[in-house]
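Enquirer: Hey, can you work out the whole structure from these sequences and the hints?
Protein sequence lines, in the order shown, are assigned to chains A and B.
Residue numbering for the first sequence follows my numbering, beginning at 1 and increasing consecutively.
Residue numbering for the second sequence follows my numbering, beginning at 1 and increasing consecutively.
I should point out that these hints are in silico values taken from the structure, not numbers from a laboratory.
Where hints are given, some of them may not hold.
In silico DMTMM-like links for lysine to aspartate or glutamate, alpha-carbon gap of 20 Å or less [what the hints assert, rightly or not]:
hint: 1; chain 1: A; residue 1: 3; chain 2: A; residue 2: 33
hint: 2; chain 1: B; residue 1: 3; chain 2: B; residue 2: 112
hint: 3; chain 1: B; residue 1: 288; chain 2: A; residue 2: 33
hint: 4; chain 1: A; residue 1: 3; chain 2: B; residue 2: 299
hint: 5; chain 1: B; residue 1: 3; chain 2: A; residue 2: 269
hint: 6; chain 1: B; residue 1: 3; chain 2: B; residue 2: 33
hint: 7; chain 1: A; residue 1: 288; chain 2: B; residue 2: 252
hint: 8; chain 1: B; residue 1: 288; chain 2: A; residue 2: 269
hint: 9; chain 1: A; residue 1: 3; chain 2: B; residue 2: 2
hint: 10; chain 1: A; residue 1: 288; chain 2: B; residue 2: 259
hint: 11; chain 1: A; residue 1: 288; chain 2: B; residue 2: 269
hint: 12; chain 1: B; residue 1: 3; chain 2: B; residue 2: 130
hint: 13; chain 1: B; residue 1: 288; chain 2: A; residue 2: 2
hint: 14; chain 1: B; residue 1: 3; chain 2: B; residue 2: 45
hint: 15; chain 1: B; residue 1: 152; chain 2: B; residue 2: 33
There are 2 protein chains.
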Amino acid sequence: MDKLVECVPNFSEGRRPEVYGAIAAAVSARSSEGVRLIDTAPDSDHNRVVITFVGPPEAAAAAAFDACEVATRLIDLGQHQGDHPRIGATDVVPFIPLRGLTMAECVTLARDLGRRISAELAIPVYLYEEAALRPERRSLPDIRRGQYEGLKVEVGRDPGRAPDFAPAGPLRLHPTAGATVVGARWPLIAFNVNLTTPDLAVAREIARAVRESSGGLPCVRAIGVFLAGTSQAQVSMNLTNHRVTPIHRAFEAVRQEAEKRGAGVSGSEIIGLVPAEAMAEAAAHFLKVEGFGPRQLLESHL
Amino acid sequence: MDKLVECVPNFSEGRRPEVYGAIAAAVSARSSEGVRLIDTAPDSDHNRVVITFVGPPEAAAAAAFDACEVATRLIDLGQHQGDHPRIGATDVVPFIPLRGLTMAECVTLARDLGRRISAELAIPVYLYEEAALRPERRSLPDIRRGQYEGLKVEVGRDPGRAPDFAPAGPLRLHPTAGATVVGARWPLIAFNVNLTTPDLAVAREIARAVRESSGGLPCVRAIGVFLAGTSQAQVSMNLTNHRVTPIHRAFEAVRQEAEKRGAGVSGSEIIGLVPAEAMAEAAAHFLKVEGFGPRQLLESHL
Numbered sequence: 001m002d003k004l005v006e007c008v009p010n011f012s013e014g015r016r017p018e019v020y021g022a023i024a025a026a027v028s029a030r031s032s033e034g035v036r037l038i039d040t041a042p043d044s045d046h047n048r049v050v051i052t053f054v055g056p057p058e059a060a061a062a063a064a065f066d067a068c069e070v071a072t073r074l075i076d077l078g079q080h081q082g083d084h085p086r087i088g089a090t091d092v093v094p095f096i097p098l099r100g101l102t103m104a105e106c107v108t109l110a111r112d113l114g115r116r117i118s119a120e121l122a123i124p125v126y127l128y129e130e131a132a133l134r135p136e137r138r139s140l141p142d143i144r145r146g147q148y149e150g151l152k153v154e155v156g157r158d159p160g161r162a163p164d165f166a167p168a169g170p171l172r173l174h175p176t177a178g179a180t181v182v183g184a185r186w187p188l189i190a191f192n193v194n195l196t197t198p199d200l201a202v203a204r205e206i207a208r209a210v211r212e213s214s215g216g217l218p219c220v221r222a223i224g225v226f227l228a229g230t231s232q233a234q235v236s237m238n239l240t241n242h243r244v245t246p247i248h249r250a251f252e253a254v255r256q257e258a259e260k261r262g263a264g265v266s267g268s269e270i271i272g273l274v275p276a277e278a279m280a281e282a283a284a285h286f287l288k289v290e291g292f293g294p295r296q297l298l299e300s301h302l
Numbered sequence: 001m002d003k004l005v006e007c008v009p010n011f012s013e014g015r016r017p018e019v020y021g022a023i024a025a026a027v028s029a030r031s032s033e034g035v036r037l038i039d040t041a042p043d044s045d046h047n048r049v050v051i052t053f054v055g056p057p058e059a060a061a062a063a064a065f066d067a068c069e070v071a072t073r074l075i076d077l078g079q080h081q082g083d084h085p086r087i088g089a090t091d092v093v094p095f096i097p098l099r100g101l102t103m104a105e106c107v108t109l110a111r112d113l114g115r116r117i118s119a120e121l122a123i124p125v126y127l128y129e130e131a132a133l134r135p136e137r138r139s140l141p142d143i144r145r146g147q148y149e150g151l152k153v154e155v156g157r158d159p160g161r162a163p164d165f166a167p168a169g170p171l172r173l174h175p176t177a178g179a180t181v182v183g184a185r186w187p188l189i190a191f192n193v194n195l196t197t198p199d200l201a202v203a204r205e206i207a208r209a210v211r212e213s214s215g216g217l218p219c220v221r222a223i224g225v226f227l228a229g230t231s232q233a234q235v236s237m238n239l240t241n242h243r244v245t246p247i248h249r250a251f252e253a254v255r256q257e258a259e260k261r262g263a264g265v266s267g268s269e270i271i272g273l274v275p276a277e278a279m280a281e282a283a284a285h286f287l288k289v290e291g292f293g294p295r296q297l298l299e300s301h302l
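Expert: In structure tokens:
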């Protein structure tokens, strides 16, 4: 079976279509090599675009480099404002093993791309999650602490903030493109559970109870948010490894925590893409299917 | 996206590996055209083999024809004995739309293959399910009534049993290969629900309550069986169109009918392959996911 990776790079431009469109076009240009652009999701408030594509490993890495090169030419981080924390024009580039390759191969792909971005585009590169070279670099928020404006000052002063791949010359950020984080991770599932209460405090308590960082479920990040449109509180989660904590376990945990507080679950949403295996696993749980395996999915044979 | 069909032909030989192996080899021989042999499942009691493969429509039809040609040469139905009803060496050939094509296209594929089998191999062909030309031919058991031995006598006498594609010459079955049924259908899910009771009568009552033929759920076939190994009664179902009756609805119906009779559901099993979309649909139901669509499955973009 052909090897296939997913790549979901984030760029610091979500307002000018001629800029994020040109970045997406750099990915599409590799279609003859098997790269398929799946989604371009600009966000105006965040002033950021998330591009999703899949392809054979080498072609996907080449497409990511090309997109990064375009972003480096067209985005000036000194002029950039937006709600979302960022350190670079090409802010973060994660590779995800989809089919026929191991996480170790994705890590190699990420490190090779990081080295190339640093060498050819003169951008300092940090390696994160599974590709991290230091344990404290696994977490993206930690690398991005103080974001562009803060890192710009600290990078040359604090050895703890030195990039994993530094371009030749004095230690500093790229004058317009800042720095870039490259890494490898498992597929992330964006799963939000809506509560029957409008009480944001309840959603926050539940988020605290279920997320890993405060002693909850492993590989779960969660925050409480208020949905103005429907006047509902919501527990907004990222499941970073559905093989460790599957969707149904996160769902049941939120439901139980809500019940303890006299609230219920009115519905849920999955944002973006989800691996079929993760949904099948949840279905098998609720249907009590014994001995179900992902090889039973018809599509695993296509 | 490339068009892909599944084909699950059944041949009347489940004991001699050199025969069913040669039939499977005829399918594999089309691998350079994109045909992929997924499974070869011989059954000695039934003296029958079920072969599962996928491929682009034209190549899959060609592989089905080649397999039928090999079966015609190697199987003599006059010498065949087995538990399962059959009318031909190549007994039944269903096409299932997997990706990028409509049921109407599958029907055309089935009819073209039927015409070719009749013309080139001199085998009478009946069209069934979605490909049927007469409403009474939709049901496979009806076409197979009296099986080979009975049909052999009736085919030339009863106009109601005349094939949809008759070879040139007098109306009779092929001397060794009998007749063949070709058709198109939706993916079938073999889903069995185990009860907490050993009482076969309860399983039979539940099967009667949930199956379409006795007024239950549409596109559900069900029988009650007793599992000697675990001393459990089981409701064994075929879901013939999960878009009409999804897995979770069949499961909930069995659970409710069991509860009415003081029994419970201890577990379930899915035999063979299941479309990812059907499992995702069930997961979305139990997780209360709003607005979930199969386009959100990562694999739908591969």
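Enquirer: So, for every hint listed, does it hold in this structure?
Expert: Here is how each hint holds up against the structure:
| no. | hint | verdict |
| --- | --- | --- |
| 1 | 3(A) x 33(A) | holds, 13 Å |
| 2 | 3(B) x 112(B) | holds, 17 Å |
| 3 | 288(B) x 33(A) | violated, 39 Å |
| 4 | 3(A) x 299(B) | holds, 14 Å |
| 5 | 3(B) x 269(A) | violated, 30 Å |
| 6 | 3(B) x 33(B) | holds, 13 Å |
| 7 | 288(A) x 252(B) | holds, 12 Å |
| 8 | 288(B) x 269(A) | holds, 8 Å |
| 9 | 3(A) x 2(B) | holds, 18 Å |
| 10 | 288(A) x 259(B) | holds, 16 Å |
| 11 | 288(A) x 269(B) | holds, 8 Å |
| 12 | 3(B) x 130(B) | holds, 19 Å |
| 13 | 288(B) x 2(A) | violated, 35 Å |
| 14 | 3(B) x 45(B) | violated, 36 Å |
| 15 | 152(B) x 33(B) | violated, 37 Å |
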